[in-house]
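J.: Each chain is listed here by its residues.
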Amino acid sequence: MADAAAVILVGGKSSRMGRAKALLPFDNEPLIAHVVRRLKSWFPEIIVVAAPDQELPELSAVLVRDEIAYQGPVSGIYHGLKAATKDVCFVTSCDAPFLNFELIDHLLEQISDYDVVVPFWRERFQPLHAIYRTSVVPLFKEQLERGELRPIFLYDKVRTRKIQEAEIRRLDPEGLSFLNMNSPADYDAALQLWRERNTISVSVELFGIARMLTKTQSVSLDLNEGATLAQVFSALGEKLPALVGRVLNSGGLIHGYSCNLNGLNFVRAPDVKVSSGDKIFILSADAGG
Amino acid sequence: MHGFHGRLLHLDLTSGQSVWREIETFRLRAFLGGIGLGTSLLYDYAPRGVDPFSPENPLIFASAPLVGTGLTTTAKFAVVTKSPLTGFIADSLSSSYFALELKRIGIDALIITGRSSAMSYLSIKNQTVEIRSAEHLRGKSPLEAESVIRAELNWPSARVAAIGRAGENLVRFATISNEGRHAGRGGVGAVMGSKNLKAIALSGDCRTDVADSGGIEKIAAVLRERSLSSLTDKYREIGTVANLSVFNRLGTLPTRNFQQSTFDDADALSGESLTENNFSRRHGCAACTIRCERLFKALDGRDQRMEYETLFALGPLCGIRDPDSVLHAAQLCDVYGLDTISTGGTLAWAMECGEKGLLPDVDKFGLRFGAAEGVFAAIAAIGERQGIGALLAEGSRRAAMEIGGNSMDWAMHVKGLELPGYEPRSLKTMALGLAVSPRGACHNRSGAYEADFSGEVDRFTIDSRRGSLVAASEDFAATLDSLIICKFLRKCFNDYYEEAAEVLRNVTGWDYTANDIKRAGERIHNLKKLFNIREGWSTDDDWLPGRLLSEALPTGVGAGVRLSPDELRQMIRSYYQARGWDDHGLIPESKLAELNLPHLPPHT
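Taken in sequence, the protein lines are chains B and X. Offset between the first sequence (1-based) and the numbering used here: plus 10. Offset between the second sequence (1-based) and the numbering used here: plus 103.
These aren't lab readings, by the way, just hints derived from the structure by calculation. Mixed in with the good hints, there may be bad ones.
[As the list claims (entries may be wrong)] Computed footprint of chain X on chain B, listed as stretches where at least three residues anywhere in the stretch have a Cβ under 8 Å from a Cβ of chain X: (1) 133–144; (2) 204–218; (3) 259–268; (4) 273–282; (5) 289–296.
[Stated by the list, open to error] From the derived model, a few chain B residues whose C-beta atoms are all more than 10 Å from chain X: (6) P35; (7) E39; (8) I78; (9) P83; (10) H116; (11) L118; (12) E119; (13) F130; (14) R160; (15) R180; (16) F188; (17) L189; (18) R256.
[Said to hold, decoys possible] Residues of chain X placed beyond 10 Å of chain B at every Cβ, according to the derived structure: (19) K228; (20) A480; (21) Q489; (22) E638; (23) A655; (24) G661; (25) Q680.
From the three backbone atoms N, C-alpha and C, an ideal C-beta is built for every residue, glycine too.
The whole structure should be built from the sequences, with the hints applied where relevant.
T.: In structure tokens, the structure reads:
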């Protein structure tokens with residue numbers, strides 16, 4: 011876990027999207043909850059910077075509010091950094107869900123001799139996917155007072171490490187870290203991309219009673235990357251409810267039934283991970299005749 | 104005495120004399136009943152080196168302490184003799200009302216020796232024993248014989264076990280059948296036929312007295328409830344035929360005489376499809392709550408029992424894909440009284456011989472993989488011992504010895520008993536279990552496959568644990584087969600040996616402990632082995648057919664996997680060690696003494 015905080019800006023107008031970006035469903039949860047959850051596994055401190063009165067779901071994060079709505083990113087970064095207890099913060103926005111922790115880790119590693127580490131992707135700085143020391147808070151305050159609402163004005167004034175595109179590509183070849191969603195079309199594309207990149211597909215083959223109950227030999231299940239047998243059983247129960255109570259219950263397989271992975275290993279523990287393409291057989295535990 | 108009657112009936116068919124004899128308490132305590140009691144009596148009653156078809160070979164029907172107690176799945180009996188197929192012990196089980204009636208005539212074992220001068224049947228009503236003519240029953244199927252005998256005796260409670268034409272004709276894998284069930288393996292029906300004994304009819308009114316009826320009622324209620332839980336779903340809902348589709352997917356369905364381990368047409372033959380398309384009704388043994396038997400509608404409209412082993416042996420093993428054909432082949436085996444596994448195994452051997460030009464006669468029968476008509480004709484020929492049937496009636500081992508060439512390499516037997524439907528190359532623990540089993544390639548006297556199917560071991564590889572796993576499985580099975588408790592209840596115990604001891608304490612009043620039961624299992628298994636050693640067993644008999652040790656698995660998820668002779672040798676070594684036997688598989692004196700085995704007094 012990084013010795014740093016993560017600051018997530020959510021206070022944008024979402025005018026092109028037509029509805030609040032933070033609340034868009036993403037991977038079965040509001041987008042902001044999704045981003046917080048993912049960052050939580052990497053950062054001990056999460057700060058969400060929202061507009062005054064902005065509606066948000068319950069989050070496991072420190073919530074701070076802009077004093078004035080829609081002042082732009084400098085204000086958000088300023089309030090976020092100011093609230094942090096860590097010396098270093100990773101700043102991002104809630105509409106860029108393709109977080110690449112290898113890249114974020116690389117950015118964090120660069121901060122030791124700098125005040126700001128900022129990627130430069132496709133001829134543009136990416137201030138909302140950058141590392142800032144909290145020591146720059148006074149400078150941002152001055153910028154705000156001067157009405158300089160673009161973060162890049164800071165970069166000439168402090169020790170800034172510009173991360174070139176080639177360096178980024180080694181860890182994030184497509185630059186997905188900087189892909190954000192501004193319009194409904196962006197959102198749809200992001201959802202599709204997320205599913206493609208983060209969904210695994212397994213097939214479950216049913217034998218004996220499971221097959222008889224459901225009149226089904228095989229079903230395909232789409233699951234999140236890293237899914238376990240517990241998720242397989244849960245998704246299977248949703249898809250084929252006839253199995254619930256007879257073959258499956260909330261604890262997984264009912265006593266008397268067993269599971270085989272790819273015809274090779276007999277497994278039962280709910281925390282066994284499955285991989286894309288796995289074939290999972292549900293059969294009677296009593297193999298003999 | 105509780106649980107037992109403490110006596111046996113020894114009938115000599117040559118002289119017609121019957122003797123009621125006490126059974127020593129220590130024998131009952133040490134060997135429990137069923138297979139254990141039968142084995143101990145065989146050891147004492149069979150003269151060393153006896154020819155299985157000689158009048159001196161005893162045919163033993165053994166009851167057990169739990170029979171008649173009302174405990175679910177316990178209406179079973181054992182048939183023990185020297186096998187004409189293997190030359191070693193044949194210990195088979197059957198079940199239902201005949202088992203209850205055997206106990207009700209007031210004996211724990213019926214020993215039949217001698218040979219009747221003409222085809223006969225035996226009727227026993229309590230103390231009255233009669234040998235009656237059965238010439239009018241010659242050629243009848245077991246069910247027909249049963250029906251005629253019940254009608255002519257006119258005893259309402261009479262129960263009959265009979266042989267079919269195959270038993271009469273000494274087909275070495277003939278069965279003894281009662282109520283449509285069979286004591287199937289090892290040719291016990293041929294031994295009965297060799298005695299000119301067509302059937303045995305029993306009727307009695309002796310109750311089984313238990314030491315603590317209240318205790319037994321409580322245990323019976325618990326076991327009944329467990330027997331209806333999800334633990335037995337498979338047996339209650341589909342039956343053992345459910346194995347076929349699973350085994351096929353796991354690459355462990357022997358197909359075309361073990362040339363493949365998957366069958367392309369498995370879906371059509373699967374238990375699920377049979378249930379969907381052919382299911383007629385469900386049936387159960389007497390005193391059983393599981394009721395695993397599934398009857399399927401055959402083409403002639405009659406109901407036919409079907410178990411996985413029959414389905415595999417007359418289906419994929421012979422390349423037969425059509426469920427109606429397999430059902431009809433099973434009907435024929437029942438009519439003739441044939442062990443379906445050995446029938447399928449021997450036919451598959453012949454089909455492969457035909458493919459390789461070693462057995463031209465098979466063409467006359469159209470006996471080819473996948474050709475159902477050839478299978479029907481050959482089953483009848485075996486039952487009648489006609490034409491090529493005379494050769495095949497000897498079983499695959501003897502037939503291969505006769506034909507020669509390399510045909511022994513694909514005679515899929517151990518000790519002469521044809522392999523059941525578990526592909527050993529993809530079930531390595533089972534491979535060991537099959538190789539060392541005293542009665543030959545058997546899936547019932549140990550359940551070694553359970554380790555392979557549970558994930559406890561890697562089923563495609565070997566390790567040093569296999570010996571102790573197989574030994575433990577054999578001992579467990581020996582106690583189930585002796586008490587007797589059906590194996591389909593085996594998963595319904597929380598602590599089997601403790602619970603079995605509690606059951607036996609309540610039934611007999613004797614102070615059994617879990618360790619006593621476990622020890623009895625070990626003792627019974629060792630005595631089977633001791634009998635085999637006495638009858639000429641050597642280390643070469645604990646081995647698998649050449650095909651399994653020289654060819655890689657051709658199909659399925661385990662394609663390419665091999666079982667090398669060295670792997671098998673290592674596993675056998677680990678098994679002998681786990682058993683406390685010497686490197687040659689012989690039982691040291693110290694082990695015999697530890698199990699109190701040398702102290703059995705001879706009775707002949």
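J.: Does each hint fit the structure? Answer for all of them.
T.: Okay, the hints, checked on the actual structure:
Here the stretch 133–144 of chain B counts 0 residues with a CB under 8 Å from a CB of chain X, which misses the bar of 3, and the coverage is violated. Judged by the Cβ-Cβ criterion of 8 Å, the stretch 204–218 of chain B is covered by chain X as claimed, because 3 of its residues qualify and three suffice. Remark: the stretch 259–268 of chain B is confirmed as covered by chain X, as 5 of its residues place a Cβ nearer than 8 Å to a Cβ of that chain, reaching the required three. Look at the stretch 273–282 of chain B against chain X: 6 of its residues bring a Cβ nearer than 8 Å to a Cβ of that chain, three or more, so the hint holds.
Residues of the stretch 289–296 of chain B lying with their CB closer than 8 Å to a CB of chain X number 5, which satisfies the three-residue condition for coverage. Against chain X, the non-interface label of B:P35 holds: every CB pair exceeds 10 Å, the least being about 38 Å. Chain X leaves B:E39 outside its interface by the beta-carbon criterion, the shortest separation being 35 Å against a cut-off of 10 Å. Residue-level check passed: B:I78 sits 62 Å from the nearest beta carbon of chain X, beyond 10 Å.
The beta carbon of B:P83 sits about 54 Å from the closest Cβ of chain X, which is more than 10 Å, so the claim that it is off the interface holds. Residue-level check passed: B:H116 sits 41 Å from the nearest beta carbon of chain X, beyond 10 Å. With a minimum CB-CB distance of about 42 Å to chain X, B:L118 clears the 10 Å threshold, and the non-interface call stands. Non-interface call for B:E119 relative to chain X: holds, since the shortest CB-CB distance, roughly 42 Å, exceeds 10 Å.
Listed as outside the interface, B:F130 is consistent with that label: its C-beta sits roughly 51 Å from the nearest C-beta of chain X, beyond the 10 Å cut-off. Every CB of chain X lies more than 10 Å from the CB of B:R160, the least distance being 60 Å, so the non-interface label holds. The non-interface label for B:R180 is consistent with chain X: the shortest C-beta to C-beta separation is roughly 39 Å, beyond 10 Å. Distance to chain X confirms B:F188 as a non-interface residue, since its nearest Cβ pair spans about 44 Å, more than 10 Å.
No Cβ of chain X approaches the Cβ of B:L189 within 10 Å, the least distance being about 41 Å, so the stated non-interface status holds. A cut-off of 10 Å between C-beta atoms contradicts the statement that B:R256 is not in contact with chain X; the least separation is 8 Å. The Cβ of X:K228 lies farther than 10 Å from every Cβ of chain B, with a closest approach of about 36 Å, so its non-interface assignment holds. At roughly 27 Å, the least C-beta separation between X:A480 and chain B is larger than 10 Å, which holds for a residue marked as non-interface.
The claim that X:Q489 lies off the interface holds: its Cβ sits roughly 32 Å from the closest Cβ of chain B, which is beyond the 10 Å cut-off. With a closest Cβ-Cβ approach of about 28 Å to chain B, X:E638 is found to remain outside the 10 Å limit, as its non-interface label requires. The beta carbon of X:A655 is kept farther than 10 Å from every beta carbon of chain B, the shortest such distance being approximately 16 Å. With a least beta-carbon separation of about 8 Å from chain B, X:G661 fails to lie farther than 10 Å from that chain, contradicting its non-interface assignment.
With 10 Å as the threshold on Cβ separation, the claim that X:Q680 sits away from chain B holds: the shortest Cβ distance comes to roughly 26 Å.
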